[in-house]
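The opening position of the sequence shown corresponds to residue 1 in our numbering, with each subsequent residue numbered one higher.
Note that these hints are calculated values from the structure, not bench results. Owing to the predicted nature of the structure, the values given are computational and were not obtained by experimental measurement. A virtual CB, placed ideally from N, CA and C, is assigned to each residue, including glycine. Among the clues, some could well be false.
[Claimed, not checked] Just the calculated beta-carbon pair ranges, DEER-fashion:
| hint | residue 1 | residue 2 | range |
| --- | --- | --- | --- |
| 1 | Y97 | E132 | 45 to 55 angstroms |
| 2 | Q53 | E132 | 43 to 53 angstroms |
| 3 | E83 | D46 | 37 to 47 angstroms |
| 4 | N82 | N55 | 23 to 33 angstroms |
| 5 | E109 | D84 | 34 to 44 angstroms |
| 6 | A111 | E83 | 35 to 45 angstroms |
| 7 | G92 | E132 | 57 to 67 angstroms |
| 8 | E128 | L74 | 50 to 60 angstroms |
| 9 | D110 | R41 | 16 to 26 angstroms |
| 10 | R41 | N82 | 35 to 45 angstroms |
| 11 | Y81 | A108 | 29 to 39 angstroms |
[Claimed, not checked] DSBU-like cross-link-like pairs, simulated, lysine-lysine; straight-line CA separation at most 30 angstroms:
| hint | residue 1 | residue 2 |
| --- | --- | --- |
| 12 | K106 | K69 |
| 13 | K85 | K3 |
| 14 | K17 | K106 |
| 15 | K91 | K17 |
| 16 | K69 | K80 |
| 17 | K101 | K7 |
| 18 | K3 | K91 |
| 19 | K14 | K91 |
| 20 | K91 | K101 |
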Amino acid sequence: MQKIPVKLAEPGMKLAKPVTRENGMVVLAEGLELTESLISRLEGMDVERIVVQGNPLDLGSGGDSSWGKKSERLDHLFRKYNEDKWMFRVKGFFREYFNLKAAAQKAAEDAEKLAEEEAAAAALEAEESSEES
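Throw the hints in and build the complete structure from the sequences for me.
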């Protein structure tokens, strides 16, 4: 089970927990397989995160992003509070937040890179077709 931002959700992922409104009304049931239209509806309803089955996204290290570095630094910052269960929970919340931000940043960078590659391929194709004419 993994909590992910809706903007990182992909068709085919299955919900591990139901998606509910603020009043508790179930919008999407547990076990439902996501589609493009469902993901769009969730974004339109301003749902920020969902819980999906398995661990489809690597939210771990965070890589070289500033969010990933912040997540890695938490152990040092909380080193004096190893025995404090409340501080342990606070550290866990921060780690989850930083890892989600790092994954979202990586996804945005990957999408930008893909868009650049597609634009370059389209420009090359247009150039080749103009040379043939």
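Structure-based check of all given hints:
In this structure, Y97 and E132 meet the distance hint of 45 to 55 angstroms, their C-beta atoms being roughly 53 angstroms apart. The hinted window of 43 to 53 angstroms between Q53 and E132 holds, with their beta carbons roughly 49 angstroms apart. Distance hint check for E83 and D46: the Cβ-Cβ separation is about 39 angstroms, which falls inside the suggested range of 37 to 47 angstroms. The given range of 23 to 33 angstroms is respected by N82 and N55, whose C-beta atoms sit roughly 26 angstroms from each other.
For the hinted restraint 34 to 44 angstroms between E109 and D84, the CB-CB distance of approximately 36 angstroms keeps it satisfied. A beta carbon spacing of about 43 angstroms between A111 and E83 agrees with the range 35 to 45 angstroms that was offered as a hint. Separated by about 60 angstroms at the C-beta atoms, G92 and E132 satisfy the suggested range of 57 to 67 angstroms. Between E128 and L74 the beta carbon distance is about 51 angstroms. The supplied range of 50 to 60 angstroms therefore holds.
Between D110 and R41 the C-beta distance comes to about 24 angstroms, which sits within the given range of 16 to 26 angstroms. The hinted window of 35 to 45 angstroms between R41 and N82 holds, with their beta carbons roughly 43 angstroms apart. Judged by the Cβ atoms, the range 29 to 39 angstroms given for Y81 and A108 holds: they are separated by roughly 33 angstroms. With a C-alpha separation of about 13 angstroms, the suggested pair K106 and K69 falls inside the 30 angstroms cut-off, and the hint holds.
Distance hint between K85 and K3 is fulfilled; the C-alpha atoms sit about 22 angstroms from each other, no more than 30 angstroms. For the proposed pair K17 and K106, the alpha carbon gap of about 25 angstroms is at most 30 angstroms, so the pair holds. Distance hint between K91 and K17 is fulfilled; the C-alpha atoms sit about 24 angstroms from each other, no more than 30 angstroms. Between the alpha carbons of K69 and K80 the distance comes to roughly 20 angstroms, so the proposed pair stays at or under 30 angstroms and holds.
Between K101 and K7 the alpha-carbon distance is near 11 angstroms, which keeps this suggested pair within the 30 angstroms criterion. At most 30 angstroms may separate the alpha-carbon atoms for a hinted pair to count; K3 and K91 meet this at roughly 17 angstroms. Between K14 and K91, the direct Cα distance comes to roughly 28 angstroms. Compliance with the 30 angstroms bound is thereby established for this hinted pair. Between K91 and K101 the alpha-carbon distance is near 15 angstroms, which keeps this suggested pair within the 30 angstroms criterion.
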